[in-house]
Amino acid sequence: MSLYRALILSSPGSRGEKSFAHALKQVGFDAEILNIEEAIRLKLEQDQLSLKYKLVVLPGGNTYSSVVGSGRVLALKLQHALGWNLNRFAERGGLVLGVGSGFETLLQMKVFGEDYSLKLNDEAKTQEKWIKVIPTGNRCVWLRGLGTLELPLNEQNTEFVIDPFAYVEAKGKLDRLGLGCLRGETTNRNDDRVWGMCDMTGRIFGLLPHPEYFLSWTNTEDWFLNPTRAAAPGAGMAIFENAARHAEV
Amino acid sequence: MFVRVETGFKSEFIDPEALRMQRKIAEIHPQLAEKIRWVRKLKCYWLNFNAPRDKVIQTIQQVFKIPVTQWLFTGDLLPSAAGSSGTLQDLMQEAPYRPGVFHGIEKRKRINVHDEEANVLTDIFKTLLGTENSIGGIITGELLLIEGAKLTQSDLEWIARHWFAHEQSESWSLMAEDELKKNARFQSDQVAKYLGTAPVEARSRLLQFRQMGQPSVKELSWNRIEELFRSTLPIYEKHSSLKEEEWALQPEIRFASDSLLSNTRLETEFHLSLQQLESFAEGFPVILQTVLGVLPDPKRIWFGESYGHHPIRVRDEFETALKAVSETTATPIVQMKLFEDTHENEPSYFWSSSLGVNANKSEVLESSSENIELIWVGDQELPAFQDLVYVQNLKSALQYAMDAKSISFVLSCAGKTLLEVLKRATPLSYGFNLNISGNESWFQKSLETPMSLSQIWGIRPDQKNWLCNELTLRGISFFHLGSNNLSGDVKIIQNSETKLQLTITEFFKTALVSPNEVLLDQPIYSFNERVERRIQPIKFKNRYSVEELLLKPESYHASIASPVVLRPDFNHWAGIMILSDLCGEEFSTEHMEYLLRKCTALGGQIQSMQISMLNGLKSWYKIINEVKTEFGIQLTQLELLTKPQNGAHWLALQLVSRMNDIRNIRTEDFKQPNDRIYWLPGGFDHPATRWLAGMEGRYQNSLHSAIAIEPSNYNLDEQGQEGVIKTLTFALLKRKLGAELRLQHYFPGGFFVSIGENERYSVEEEWSSMGIECEWVGKVTATPYLVIRDEDDKVHTISIEDLV
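Chains A and B supply the protein sequences, listed in that same order.
The working numbering puts the first residue of the first sequence at 11, with every later residue one more than the last.
The working numbering puts the first residue of the second sequence at 388, with every later residue one more than the last.
These aren't lab readings, by the way, just hints derived from the structure by calculation.
Because the structure is a prediction, the values reported are computed rather than measured.
Cβ coordinates follow ideal geometry from the N, Cα and C atoms, glycine included.
You may find that some hints are simply not true.
[What the hints assert, rightly or not] Here are the in silico distance ranges between beta carbons for each label pair:
1) M210(A) to S471(B): 54 to 60 Å
2) E138(A) to K513(B): 34 to 40 Å
3) N852(B) to E101(A): 53 to 59 Å
4) Q56(A) to N852(B): 27 to 33 Å
5) R186(A) to Q574(B): 27 to 33 Å
6) S783(B) to R51(A): 20 to 26 Å
7) K513(B) to E160(A): 40 to 46 Å
8) M210(A) to N780(B): 36 to 42 Å
[As the list claims (entries may be wrong)] Just some of the chain A residues that point at chain B, by a computed CB distance under 7 Å:
9) S75
10) S76
11) V77
12) G79
13) V83
14) H90
15) G123
16) K129
17) L130
18) V171
19) D173
20) A176
21) Y177
22) E179
23) L235
Please take these sequences and the hints and turn them into a complete structure.
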């Protein structure tokens, strides 16, 4: 397998970069962690990005202390300081993954359109639990061929919101075009049960649960009940394997 | 451009954070929770932009507008970003009980408290607007919108204190329904007031106080000028071929309390400590509290105070603290003072304080050559220099010129007279011309009066034009003062006519004075970089380190201390005066005015004010708001509720002002021989007291000294003369002067004042016009003897030292 370069873009407050790097290295990427300020200093603009990297990961966490809105400041920096247009990057064959706060950054950059957003859950607390999510449709290359996944969730803004003024049209896009590619079993007051979205190319994927925290079976809470599976990969690895499979396309 | 932005969830979405707070209140205070029927939380931002309006609007949209979930309230800036009306009424309409009774609690980060959110926003605005200086300041906060008909003010205060605001780092205020519905809070003057820059209109009242008592400019007296130019000036300061870092009081000074034991810093604002206030309220328990401040800036200014009832403990604790600060911040300690505050029927209260600045970062500039043009940069009106933006502009202009290598030398003028500046200027030591045409009044005034923050720049002739253009563009006033040369002469030219010519030997006839002879005392600590980077104690000989102003206010019970003046830099005579006052329910705008007048009458230029409350009275909020808007002072408010409401109500005020030259301030000490001594009657609301306190009149600054005489209950047999002699002796002692006095009758409480011979006529005239009956008592003499003529015309001559 040829060695593609993957960029994991860390920012103040982001988490899980090393897990991403580990997962991507496992599936054959040459993963590099780069801070946003360093990227600005290096002038890693749109053209450079397409030339250098095949895959971009926006990790989750609490980027920029969620000032103004979660992921908002990072989105502004990517758009205005670096001039990134991730849709164009995907059209040129790039892959983009945004997890948790990274998903919110993608939403704030309006990668999936202007009518979707995430909102603080009713408890106003960080939810830490495992959820079952089901890939739907065939658009998202990251989820192709996968069945039900159980992934850890560690988020405050878990409520997926569609703009009430454009509800019918936006909901139609989600369902008919298959943009809402990851649905949950549990609703959590999330009427559309959307836990992940992709763009029209299927190469930009944002999701709320964290696949990078389930790379091995030992990441589960009760792995010791079935110690023979200790060496088995976790469900999250499947998503990264898909990325490696579709990187060449 | 000042902008206020509020963001909140749209009315169709619930507000989880507000609901969570409501749930928590229900657990702790169920009765109160029942009164809250609906609640919403909004984020607030106070922003100061240095960018065009259209650009600002565009940027605000980019940053704050999240149209799917949020509404954006900006007053009239972006009316379409909210609901139908563009005001909070859009949100209020969603409340279940309508029309409803709405209340608002607003909190905001205190100025200069670390605000991560503001830092992130500043960063992103700089990115979007593209320039470094595009954003002048940001404060973040929140607004809690509550609906409940039965909610009282005390309920709201409870919510604010216990659930909403963190009082050490945030200030809060209550807002009425009318205020919430209108957009007045978005107006730029309302926003500016929180950002620490008083709007221009609000400054006018303050300017009046600052300008009060400034001496009027007279005709040029060439004899006097020649006399001054030929005089030998005591100079002990280093010459100024170095670029000096000017000391400037930061209006937005940030102080930090330093926990010495754990060596960790907790940033907070400078305030009277909680324990200190408690001591007033609870009958003086023994308390020792140290507050130390460190400015997180290369030019650190720190301030420390220690209070308590045991002088040695206060002193020891404070010295340890000073050393710790000096070692950790490499800051030399300049002044320290220990004084005692005695109250009737109460134990003595010791108080020590200190102020330090960094060692001057000196940079040797290129050696000067001839024909360097002298440009005086600054503003002839003092108040302009209280404007931090102006000072920053000036500094950036200087940096610009330095980078372009256009400036050969810079002479700092702050706190010094023009004569002092010229006489110790090495670049002028081979001769110079001064052209004073058009600036005669400035020349006359600044020759003997210390100047405000201003500088004389030495500019190369070929660089002069562009630099002058640059200064004009930046709105900095300046004028051409002359040039240096190698002629060996000092010339003053007026209207192309040489009015005065001296040789440089005659002009630079300076005498180095050893520091021991300086009237003001040495710092008790010195900083010797060669030996080691720590402070060394100096033994001081029964002398105070700073001059103390002592003018007893008429409301004695309200005073917690005399005004204290601290000189932060030994090379300059400028200082800070801290005027403290403690008052009860009588606080009013008149009281505030009185305090300001007193400060101005003592020669201070008001900078900022700190208000601390204990068991705050509701009426104070209104008055403090009036004070904030009307007087335009940088006012820091710290509200404290430490005990149940049956405690005493106190309001502690600390007025910080700048003194250009502490040598000219009025103190208890007699200043010079041949000063005339008068007795003025005292008493509450007496015209003389009002005049001394600066309530009326304008010649208070002419006084050389003022001594308050307390009416004595015990010495009636001696007609009070013993007390008078004792007080006058101490006033003469410091400068080893004597006096000739006529003490022919009983002196009840009042004031002894001294005036120079030249000023007597104007002052006496003012007294007579105000109906103040003054009595001439005698004069100050050069020999240290007290010559007293009694009722029987007998003359008693006593040595001052014998009396002591």
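Structure-based check of all given hints:
1. M210(A) to S471(B): 54 to 60 Å: 35 Å, violated
2. E138(A) to K513(B): 34 to 40 Å: 36 Å, holds
3. N852(B) to E101(A): 53 to 59 Å: 56 Å, holds
4. Q56(A) to N852(B): 27 to 33 Å: 45 Å, violated
5. R186(A) to Q574(B): 27 to 33 Å: 49 Å, violated
6. S783(B) to R51(A): 20 to 26 Å: Given a distance of about 25 Å, which is inside 20 to 26 Å, the answer is holds.
7. K513(B) to E160(A): 40 to 46 Å: Holds: the Cβ-Cβ distance is about 44 Å, inside 40 to 46 Å.
8. M210(A) to N780(B): 36 to 42 Å: 52 Å, violated
9. S75: 6 Å, holds
10. S76: 9 Å, violated
11. V77: 4 Å, holds
12. G79: G79(A) check passes; min Cβ-Cβ to chain B is 5 Å, inside 7 Å.
13. V83: This interface hint holds because 5 Å falls under the 7 Å limit.
14. H90: 6 Å, holds
15. G123: G123(A) check fails; min Cβ-Cβ to chain B is 10 Å, beyond 7 Å.
16. K129: Interface hint status for K129(A): holds (5 Å vs cutoff 7 Å).
17. L130: This hint holds: L130(A) lies near chain B, its Cβ roughly 5 Å from the closest one there, short of 7 Å.
18. V171: Hint on V171(A): holds, closest Cβ of chain B at ~6 Å, below 7 Å.
19. D173: 5 Å, holds
20. A176: 9 Å, violated
21. Y177: 11 Å, violated
22. E179: 13 Å, violated
23. L235: Result: violated, 36 Å to nearest chain B Cβ.
In the structure shown, a violation is registered for the earlier hints numbered 1, 4, 5, 8, 10, 15, 20, 21, 22, 23, in ascending order.
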